[in-house]
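There are 2 protein chains.
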Amino acid sequence: MTTIRDVARQAGVSVATVSRVINGNSYVNKDTESRVREAIQVMDYEPNTVARGLASKKTGTIAVILPDIMNPFFSELARAVEDTARHHKFTVIFCNSDDQAPKEKLYIQVLQQRYIDGMIFASNTLDEEDIQTMRGHGISLVVLDRAPRRGNCSIIRSKNVEGAKTAVQHLLSLGCRKIAHIAGPEELITAQERKQGYLDTIRHLKGFDPALIVPGHFSISGGIGAAQALLEYHPDVDGIFAGNDLMAAGALKALHRMGVSVPEQVSLCGFDGVAIAEMTEPELTTVAQPIYEMGATAAKRLIGRIRGETEEPSVTELDVQLVERDSTKRRVRR
Amino acid sequence: MTTIRDVARQAGVSVATVSRVINGNSYVNKDTESRVREAIQVMDYEPNTVARGLASKKTGTIAVILPDIMNPFFSELARAVEDTARHHKFTVIFCNSDDQAPKEKLYIQVLQQRYIDGMIFASNTLDEEDIQTMRGHGISLVVLDRAPRRGNCSIIRSKNVEGAKTAVQHLLSLGCRKIAHIAGPEELITAQERKQGYLDTIRHLKGFDPALIVPGHFSISGGIGAAQALLEYHPDVDGIFAGNDLMAAGALKALHRMGVSVPEQVSLCGFDGVAIAEMTEPELTTVAQPIYEMGATAAKRLIGRIRGETEEPSVTELDVQLVERDSTKRRVRR
Numbered sequence: 001m002t003t004i005r006d007v008a009r010q011a012g013v014s015v016a017t018v019s020r021v022i023n024g025n026s027y028v029n030k031d032t033e034s035r036v037r038e039a040i041q042v043m044d045y046e047p048n049t050v051a052r053g054l055a056s057k058k059t060g061t062i063a064v065i066l067p068d069i070m071n072p073f074f075s076e077l078a079r080a081v082e083d084t085a086r087h088h089k090f091t092v093i094f095c096n097s098d099d100q101a102p103k104e105k106l107y108i109q110v111l112q113q114r115y116i117d118g119m120i121f122a123s124n125t126l127d128e129e130d131i132q133t134m135r136g137h138g139i140s141l142v143v144l145d146r147a148p149r150r151g152n153c154s155i156i157r158s159k160n161v162e163g164a165k166t167a168v169q170h171l172l173s174l175g176c177r178k179i180a181h182i183a184g185p186e187e188l189i190t191a192q193e194r195k196q197g198y199l200d201t202i203r204h205l206k207g208f209d210p211a212l213i214v215p216g217h218f219s220i221s222g223g224i225g226a227a228q229a230l231l232e233y234h235p236d237v238d239g240i241f242a243g244n245d246l247m248a249a250g251a252l253k254a255l256h257r258m259g260v261s262v263p264e265q266v267s268l269c270g271f272d273g274v275a276i277a278e279m280t281e282p283e284l285t286t287v288a289q290p291i292y293e294m295g296a297t298a299a300k301r302l303i304g305r306i307r308g309e310t311e312e313p314s315v316t317e318l319d320v321q322l323v324e325r326d327s328t329k330r331r332v333r334r
Numbered sequence: 001m002t003t004i005r006d007v008a009r010q011a012g013v014s015v016a017t018v019s020r021v022i023n024g025n026s027y028v029n030k031d032t033e034s035r036v037r038e039a040i041q042v043m044d045y046e047p048n049t050v051a052r053g054l055a056s057k058k059t060g061t062i063a064v065i066l067p068d069i070m071n072p073f074f075s076e077l078a079r080a081v082e083d084t085a086r087h088h089k090f091t092v093i094f095c096n097s098d099d100q101a102p103k104e105k106l107y108i109q110v111l112q113q114r115y116i117d118g119m120i121f122a123s124n125t126l127d128e129e130d131i132q133t134m135r136g137h138g139i140s141l142v143v144l145d146r147a148p149r150r151g152n153c154s155i156i157r158s159k160n161v162e163g164a165k166t167a168v169q170h171l172l173s174l175g176c177r178k179i180a181h182i183a184g185p186e187e188l189i190t191a192q193e194r195k196q197g198y199l200d201t202i203r204h205l206k207g208f209d210p211a212l213i214v215p216g217h218f219s220i221s222g223g224i225g226a227a228q229a230l231l232e233y234h235p236d237v238d239g240i241f242a243g244n245d246l247m248a249a250g251a252l253k254a255l256h257r258m259g260v261s262v263p264e265q266v267s268l269c270g271f272d273g274v275a276i277a278e279m280t281e282p283e284l285t286t287v288a289q290p291i292y293e294m295g296a297t298a299a300k301r302l303i304g305r306i307r308g309e310t311e312e313p314s315v316t317e318l319d320v321q322l323v324e325r326d327s328t329k330r331r332v333r334r
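Protein chains in written order, with the UniProt record's numbering: chain A, 1 to 334; chain B, 1 to 334.
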């Protein structure tokens with residue numbers, strides 16, 4: 001393999017001069033520069049990124065920490081991050097945290113030692129200490145959904161409370177009178193906000209019952225269990241708002257198994273807008289987040305900060321949209 | 001940030017001695033070693049992985065090149081790779097190639113410059129030249145499915161021909177008499193092999209018609225288009241073997257829209273065994289690959305080669321399994 005020494009010898013200059021040409025961060029005589037560039041080409045020399053990482057403290061690598069790449073929401077997000085990163089000549093490390101704090105901390109520790117330039121954090125916990133440590137290592141940070149109190153980081157989020165309100169209002173407008181909520185994990189801010197939107201819309205209505213909120217763990221199997229429990233104890237439920245599409249798909253499966261027809265007996269609405277919501281029969285009404293846009297925006301924002309182009313940390317709130325499909329339907333008022 | 005110089009000063013030794021202790025690749029006096037280790041602890045020094053990468057030519061990073069992380073087959077594979085890598089203290093870079101050769105080549109070029117230790121190649125084209133270049137850069141390689149002729153790399157694959165035969169034999173055993181095939185892209189070896197298994201089983205039977213093979217591009221929308229075309233020109237098709245589950249899910253959707261009932265009128269079988277096959281109604285019969293095991297085996301094999309533990313490149317063929325669900329059903333012989 002050609003080394004920087006070979007290039008220096010070929011060009012008749014010192015290694016330091018070649019390095020200055022490659023890094024472009026100090027003055028080199030024009031003639032000398034063209035001799036070095038020619039030597040680089042002749043010798044087919046590839047300036048090594050690891051070595052440049054040491055010099056410039058930049059490696060062209062960012063990391064994205066997410067709960068689980070198998071969750072279609074996060075695989076779409078990851079795709080958007082990687083597409084955007086590639087466009088800007090960055091490579092992407094991905095890490096599955098399963099929303100477990102010890103795994104997240106371990107990743108942060110390992111990644112600090114690898115001179116990554118920045119991190120997109122789409123997982124659960126990230127405390128002030130982590131943020132300070134990363135700042136100390138010069139690692140830029142963009143977080144999804146969560147807003148650390150004093151962190152010097154940009155935040156990308158979508159309007160969860162508003163979206164949940166839209167979903168429940170949609171079910172009400174169709175004539176649903178007993179609307180249940182399948183909720184995500186209590187420790188996740190997205191789950192909290194969607195539950196909040198449900199409660200804000202429905203709490204003051206006659207017949208509201210907190211027992212209509214059941215946990216579904218943001219998973220298909222959780223949605224199955226939640227719908228089974230709901231219909232067993234509240235057979236007159238006529239609308240369900242699930243906190244994500246995976247739980248809605250699970251609920252649909254459970255309702256089908258129990259012989260409850262959707263949308264005739266129960267109208268069902270999810271949240272996220274992943275492809276799976278179009279694979280079910282009937283297809284699922286959902287509150288769609290602009291998932292790809294969230295990932296692309298996060299990556300753009302991060303790379304901008306790494307390159308020093310973005311001055312201030314910012315908060316971006318993206319709009320969500322109700323997508324009506326066959327799992328919700330206007331019903332005859334009883 | 002503490003540097004190796006600070007540690008050397010604290011321990012009263014040279015920087016070279018600290019480096020020898022950290023890398024553990026040459027003799028250091030026991031007393032000196034414990035003084036250095038103590039200094040590392042006292043000073044809270046983190047040996048930098050990039051710097052170590054320069055010295056040892058190892059960075060603890062591997063890359064996985066796959067067509068699209070949003071395809072559930074590849075997101076499960078990627079999850080398995082990352083779980084296994086994390087267990088062995090490696091981080092994982094992922095790259096979406098969309099099965100396009102220029103993108104693949106660009107990734108290979110960029111990754112060579114970043115001192116990755118190894119690569120899992122789950123995308124389409126990889127030629128002898130690429131393999132030689134990577135070998136020249138000391139990058140170990142494990143490929144999925146494809147078998148480069150003289151490449152010094154391990155191969156993980158599953159039994160595609162055998163699996164396709166099992167699928168078509170299953171449809172025949174149920175009484176299907178006109179079995180169509182929705183095929184993946186012709187340039188992909190997995191698609192070729194599954195079509196081969198279909199042809200081997202059915203070519204010699206009465207009424208076989210090559211027009212019953214239609215392209216579905218390994219995608220949901222491709223499956224929709226393929227099923228529409230099939231039923232338009234061959235309304236008496238009573239069995240469909242789709243080359244992957246996404247196309248099977250698309251076909252199911254199209255059949256439903258056309259008012260063709262599955263499995264009563266058409267029995268439908270996919271390939272892969274992804275979660276989406278359980279989300280449809282009816283659930284899809286499929287030939288399941290051990291996807292997670294494929295990813296985990298690829299990562300283990302790669303890391304073994306990086307660490308010099310595995311001597312010879314090897315070929316691993318994993319078994320597939322027919323999973324019978326409601327989309328196939330015994331029919332009355334006509």
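None of these hints come from the bench; they were simulated from the model.
Each hint should be verified, as a subset may be incorrect.
Since the list gives no way to pick out one identical chain from another, each pair is judged satisfied if it fits inside one copy or across any two copies.
[Unchecked claim] Straight-line C-alpha distance at most 30 Å; calculated DSS-like pairs for lysine-lysine:
hint: 1; residue 1: K58; residue 2: K178
hint: 2; residue 1: K30; residue 2: K300
hint: 3; residue 1: K89; residue 2: K300
hint: 4; residue 1: K30; residue 2: K178
hint: 5; residue 1: K165; residue 2: K178
hint: 6; residue 1: K30; residue 2: K89
hint: 7; residue 1: K300; residue 2: K105
Predicted model only: the values in this text are computed from it and were never measured.
Can you give me the call for K30 and K89, within, between, both or neither, at a CA distance of at most 30 Å?
-> within (27 Å within a copy, 46 Å between copies)
From the Cα coordinates, with 30 Å as the cut-off, is the pair K58 and K178 best called within, between, both, or neither?
-> Classified as neither; 56 Å inside a copy, 60 Å across copies.
Have a look at K300 and K105 and pick one of within, between, both or neither, based on CA distance no larger than 30 Å.
-> The answer is both: 25 Å in one copy and 24 Å across copies each meet 30 Å.
Intra- versus inter-copy proximity for K300 and K89 (alpha-carbon distance at most 30 Å) | both (12 Å within a copy, 29 Å between copies)
Classify it for me, K30 with K178: is the Cα-Cα distance of at most 30 Å met within a copy, between copies, both or neither?
-> neither (77 Å within a copy, 74 Å between copies)
Within a copy, between copies, both or neither: where do K165 and K178 come within 30 Å Cα-Cα?
-> within (15 Å within a copy, 50 Å between copies)
Go through the copies and call it for K30 and K300: within, between, both or neither, with a Cα cutoff of 30 Å.
-> neither (34 Å within a copy, 50 Å between copies)
When each numbered hint is compared with the structure, violations occur for hints 1, 2 and 4.
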